[in-house]
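Visitor: Hey, can you work out the whole structure from these sequences and the hints?
Residue numbers (my numbering), protein chains in the order written: chain S, 1 to 353; chain X, 354 to 990.
Because the hints were derived from the structure by calculation, they are not lab data. All of these numbers come straight from a predicted model, not from anything done at the bench. There could be a bad hint or two in this list.
Unchecked claim - Just the calculated beta-carbon pair ranges, DEER-fashion:
| hint | chain 1 | residue 1 | chain 2 | residue 2 | range |
| --- | --- | --- | --- | --- | --- |
| 1 | X | T614 | S | K269 | 35 to 45 Å |
| 2 | X | I840 | S | G35 | 36 to 46 Å |
| 3 | X | N655 | S | L32 | 36 to 46 Å |
| 4 | X | T614 | S | E302 | 39 to 49 Å |
| 5 | S | L32 | X | D853 | 52 to 62 Å |
| 6 | S | I26 | X | S806 | 52 to 62 Å |
| 7 | S | L32 | X | S912 | 52 to 62 Å |
By construction, the Cβ of each residue, glycine as well, lies at the ideal position given by its N, Cα and C atoms.
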Amino acid sequence: MRSIIISILIAVSIVSCEKNSGPVFIDPGESLISGSGLFILNEGNFMAGNGSLSFFSYDSSRVINHLFSKINKYPLGDIPHSMKIAGNNAFIVVNNSNKIEVVKAFNLESVTTITGLKSPRYLEVLSNNTGYVTSLWSDSVTIIDLNSLAISGYINLRRSSESIAVVDVYAYIAHWYGGNEIMVVDTRNNSVVDSIPVGAEPESMVVDKNNTLWVLCNGGWERNYHAELIGINTRTNEIVKRFVFPDINDSPTSLQANKGRDTLYYLEKGVRRIRIDDAGLPASPFISENGHTFYKMAVFPETGDIFVSDPVDYQQKGFVIRYSRDGALVAAMEAGIIPGGMCNRIMLPHWTE
Amino acid sequence: MKPAAFYIALLITLPLQGQILLRNDTVLIEEVTISRRKTKFITATRKLSLGIPEMQYYQGAPISELLTGKTNILIKSYGPGGSASAVIRGTAASHTQLNWNGINIGNPMLGQADLSLVPAGFVDDIHIYYGGGSIKLNSGGIGGIIALETKPEWTGGNSASFSSEAGSFGKITGFVKIKAGNSKTQSVTRAYFHSAINNFSYLNEFTGPDPVKEKRAFNSVLRKGFMQEVWLRSRGNIISGRLWYQSSSRELPAPVIIHKTESDEKQFDESIKALVDYKNETGGNIINVTIGAVFDKLNYNNTTIPVDSRNNTASFTAATRIETALGDNARLLVSANDEINIVTSNNFGERKLRNIFTVMASAHFNLEKGMTGELLIRETILDDRLLTPDIYAGFTIDLRNENRNIIKASYSRNSRFPSLNDLYWIPGGNPDLENENAHSLELTWEGKRKLRSRLSLNSDMTIFGNSITNMIKWAPGEFSYWEPLNIGHVNTSGIESVVDLLWSGTDFETGIKTLYTYTRAINRKKPAEISPGGKYRLIYVPENQINSRLFARYKSYYSVFITCFTGRRYLTPDNTSYLPGYIYNDLVLGRKFMVTDFAFNLSLTTGNLFNSSYQVIAYYPMPGRSFNLRLSMNITK
Numbered sequence: 001m002r003s004i005i006i007s008i009l010i011a012v013s014i015v016s017c018e019k020n021s022g023p024v025f026i027d028p029g030e031s032l033i034s035g036s037g038l039f040i041l042n043e044g045n046f047m048a049g050n051g052s053l054s055f056f057s058y059d060s061s062r063v064i065n066h067l068f069s070k071i072n073k074y075p076l077g078d079i080p081h082s083m084k085i086a087g088n089n090a091f092i093v094v095n096n097s098n099k100i101e102v103v104k105a106f107n108l109e110s111v112t113t114i115t116g117l118k119s120p121r122y123l124e125v126l127s128n129n130t131g132y133v134t135s136l137w138s139d140s141v142t143i144i145d146l147n148s149l150a151i152s153g154y155i156n157l158r159r160s161s162e163s164i165a166v167v168d169v170y171a172y173i174a175h176w177y178g179g180n181e182i183m184v185v186d187t188r189n190n191s192v193v194d195s196i197p198v199g200a201e202p203e204s205m206v207v208d209k210n211n212t213l214w215v216l217c218n219g220g221w222e223r224n225y226h227a228e229l230i231g232i233n234t235r236t237n238e239i240v241k242r243f244v245f246p247d248i249n250d251s252p253t254s255l256q257a258n259k260g261r262d263t264l265y266y267l268e269k270g271v272r273r274i275r276i277d278d279a280g281l282p283a284s285p286f287i288s289e290n291g292h293t294f295y296k297m298a299v300f301p302e303t304g305d306i307f308v309s310d311p312v313d314y315q316q317k318g319f320v321i322r323y324s325r326d327g328a329l330v331a332a333m334e335a336g337i338i339p340g341g342m343c344n345r346i347m348l349p350h351w352t353e
Numbered sequence: 354m355k356p357a358a359f360y361i362a363l364l365i366t367l368p369l370q371g372q373i374l375l376r377n378d379t380v381l382i383e384e385v386t387i388s389r390r391k392t393k394f395i396t397a398t399r400k401l402s403l404g405i406p407e408m409q410y411y412q413g414a415p416i417s418e419l420l421t422g423k424t425n426i427l428i429k430s431y432g433p434g435g436s437a438s439a440v441i442r443g444t445a446a447s448h449t450q451l452n453w454n455g456i457n458i459g460n461p462m463l464g465q466a467d468l469s470l471v472p473a474g475f476v477d478d479i480h481i482y483y484g485g486g487s488i489k490l491n492s493g494g495i496g497g498i499i500a501l502e503t504k505p506e507w508t509g510g511n512s513a514s515f516s517s518e519a520g521s522f523g524k525i526t527g528f529v530k531i532k533a534g535n536s537k538t539q540s541v542t543r544a545y546f547h548s549a550i551n552n553f554s555y556l557n558e559f560t561g562p563d564p565v566k567e568k569r570a571f572n573s574v575l576r577k578g579f580m581q582e583v584w585l586r587s588r589g590n591i592i593s594g595r596l597w598y599q600s601s602s603r604e605l606p607a608p609v610i611i612h613k614t615e616s617d618e619k620q621f622d623e624s625i626k627a628l629v630d631y632k633n634e635t636g637g638n639i640i641n642v643t644i645g646a647v648f649d650k651l652n653y654n655n656t657t658i659p660v661d662s663r664n665n666t667a668s669f670t671a672a673t674r675i676e677t678a679l680g681d682n683a684r685l686l687v688s689a690n691d692e693i694n695i696v697t698s699n700n701f702g703e704r705k706l707r708n709i710f711t712v713m714a715s716a717h718f719n720l721e722k723g724m725t726g727e728l729l730i731r732e733t734i735l736d737d738r739l740l741t742p743d744i745y746a747g748f749t750i751d752l753r754n755e756n757r758n759i760i761k762a763s764y765s766r767n768s769r770f771p772s773l774n775d776l777y778w779i780p781g782g783n784p785d786l787e788n789e790n791a792h793s794l795e796l797t798w799e800g801k802r803k804l805r806s807r808l809s810l811n812s813d814m815t816i817f818g819n820s821i822t823n824m825i826k827w828a829p830g831e832f833s834y835w836e837p838l839n840i841g842h843v844n845t846s847g848i849e850s851v852v853d854l855l856w857s858g859t860d861f862e863t864g865i866k867t868l869y870t871y872t873r874a875i876n877r878k879k880p881a882e883i884s885p886g887g888k889y890r891l892i893y894v895p896e897n898q899i900n901s902r903l904f905a906r907y908k909s910y911y912s913v914f915i916t917c918f919t920g921r922r923y924l925t926p927d928n929t930s931y932l933p934g935y936i937y938n939d940l941v942l943g944r945k946f947m948v949t950d951f952a953f954n955l956s957l958t959t960g961n962l963f964n965s966s967y968q969v970i971a972y973y974p975m976p977g978r979s980f981n982l983r984l985s986m987n988i989t990k
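Guide: What follows is the structure in structure tokens.
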């Protein structure tokens, strides 16, 4: 009896010696990043705080996971959603943690944390060294001074905001959640100058080589409207192309463009490809899902490779699947939980100094 | 025992009196009382009970706090003021049911109960029925049932007790219980109030490179409750009525990794429960009829997202139960239970109604040489669907040796209905969901041993195994929202043991009760094909859990030292992250004393004595060292 009690006490003492009180991530992998590649934002589960940052390196053709927490010794936060590299800094927008983690683009060491945001979604960098941050649950876009890395103002859109694209001095901001408009903001004076009605729930946007703004409207989750792909002339702010998806249940996402900006890609039961001059939507996918669940997509401009994330069951580790520019499967690589948004990292020479 | 003996004596003595009148030549003999031992039926179901000794320091605290240190149930708590659910044997919170005097009081929308909303002072006894054996109580939980009981005290006269508590983090609690009546009528009135700011300090290691000491914000809670009970007793009949009002208003703090500058999430719970119960016990037969109604309101408001969720449920229960003796060595129990759930929620679109009708028959019989058998079958009609019957079979052997060793074994096939949220929540609710099914096996050994004249040892050990199929899990559906599906297959197995050592003297008394649980909960569902295979542990189920309670009393002074250890808990289905194990201790020091007719009990509780830093739910810190001063007063006339 005595020996049992002593054994239990020893066991308890050993286990209780763990210093951390919070979550511990099991990942023996390295934390060095090198060369060009692609950051993968693993959203993690809502309110679980298990979002993370991965990096696919063209140097090693491997994915390194949990980079942010390994380098900075604290977790990235709840639902990292998007990332933007501007100059020497990278801005990681952590949606449900209401913050932006600013890190050095070269080695991911923390520079600062911008707090006081409300459900941030995307950051877009303007020419005057300021940034606009869109918000899911706020009526305003937040202006960030990229020199001081602090909030410098707000633009009241009177509606929530999602993806953002900049053409010349105008920022085109999509009112996605429950909306059907693109708001046009003059970045010189941060004022709303126009709004363009589009289809239901404009989810993603890209600008092509002709400065046509392509807007992918996914039709809303209730499937009351057909999804649409809309082209807007950014000189006149008029709709010049409108492709309506045939099935009410079509719910396309993740509009992307190639380096030449003459070809668009989006997800709809596989990867679809459309040239900007095409007369209609593609009838079949360019890359089939083949048992995967395609969630988000990125196109690496230098190689034309297509990267698609697969969250598997949205609970365990997901995958990032790499396809060549002609749609051939290259590799499926393990990422974090719910791999979502991706951000290209083109190695700059001075980063190696 | 006594009514049975009296009845038998009466049956025998009345005819004798008649004979005296009719036949004077008969030799008169002295009156005799003939009695026999009431046949005892040992059940194979594992059960743990908490009564006054365990509950006396917790009157104003929620039962979740009480159960944390004193049972081997896993309580998943979001911290003080936050919701708390119970997990038994490594299953899910929805597999543990909460029963109040015979009726189910879990929220039918959630399919589970928030234990933080039940004050311990509103309960006289807590019985925990583990595993499939809980099938005997209404619908039965796959993990088990926590049964709350209030009961009359026919002796002891009128009494009133008051207690007030003040503690760290702005905690104030008041509780009153007034008992009045006699041997035929009893009235018990209880009321309580609890408020706390819960602004405890914690070390934030999660939002920046350097740990920062912060105070928990937006974490206040205000709870109020009232309960009135009346019992009427006449010969073998007892009629009782109960009314329980409960409300809770609380802020919902975010996980510490979420930066918040304002209190934007609030929850208001309100509940009215009413119950009328009739029980007739004549000879060996028991007839019991219960009618109950539970009205729950749960309003959740988030000003950021924004969400204004308003949910009202009404549940009506009518139950009858007849228990009769079949000879000396068998008992038959037949029961019927009808429960109607009506839900009005702005998350459901329209009002939803569900009817659950259950009939159950069970036989309990004593065999030769201390052996007992139990067989039970339960049939459920869910709305208009006849479900596969649930069954339970138990077998016990009383070895009848000096140390009173009993061995128990049981098997059950049990099921659980989807919650109404699973069925109707918009978006995602899936009305085509099937029931979850479970097969459970358990083997228990119980022993009671008198080590010395004043030293006794009670201990038991159970080995259990469950296989749960068709388990409901929310997963991403075809569109951009999640929906519940019958996709889970979980196996849980483990060992539960209790060692209770007691040394009892005149002035001095001491004892230690230790509960150890080993749980191996494995997700058997094959991961997606591209995922590496393996046996993954269920999230938030620790492999090892130890709770120990050491107490000592010298004359009027007493102390209790509680130790709780919970092992590593995985956080993701692929087990790539975990919460480390933790250990904390509570210390209670107190004294009972009399001033004229008033009995006082003064105690100081130090929670988390060694200021351990830990989390039960990831990123929800638990408080460090805290103090709670409690004074209670009792008068009996």
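Visitor: Confirm or reject the claim that T614/X and E302/S have a C-beta distance inside 39 to 49 Å.
Guide: holds, 41 Å
Visitor: N655/X and L32/S, beta-carbon distance inside 36 to 46 Å?
Guide: holds, 41 Å
Visitor: Holds or violated: the 52 to 62 Å window for the beta-carbon distance between L32/S and D853/X?
Guide: The hint (52 to 62 Å, Cβ to Cβ) holds, given that L32/S and D853/X are roughly 56 Å apart.
Visitor: Note whether the CB distance of L32/S and S912/X lies within 52 to 62 Å or breaks it.
Guide: holds, 55 Å
Visitor: Are I26/S and S806/X spaced within 52 to 62 Å by their CB atoms?
Guide: holds, 54 Å
Visitor: Range first: 36 to 46 Å. Now tell me if the beta carbons of I840/X and G35/S are that far apart.
Guide: holds, 40 Å
Visitor: Between T614/X and K269/S, does the C-beta distance stay in 35 to 45 Å?
Guide: 42 Å Cβ-Cβ, so the 35 to 45 Å window holds.
When each numbered hint is compared with the structure, no violation occurs for any of them.
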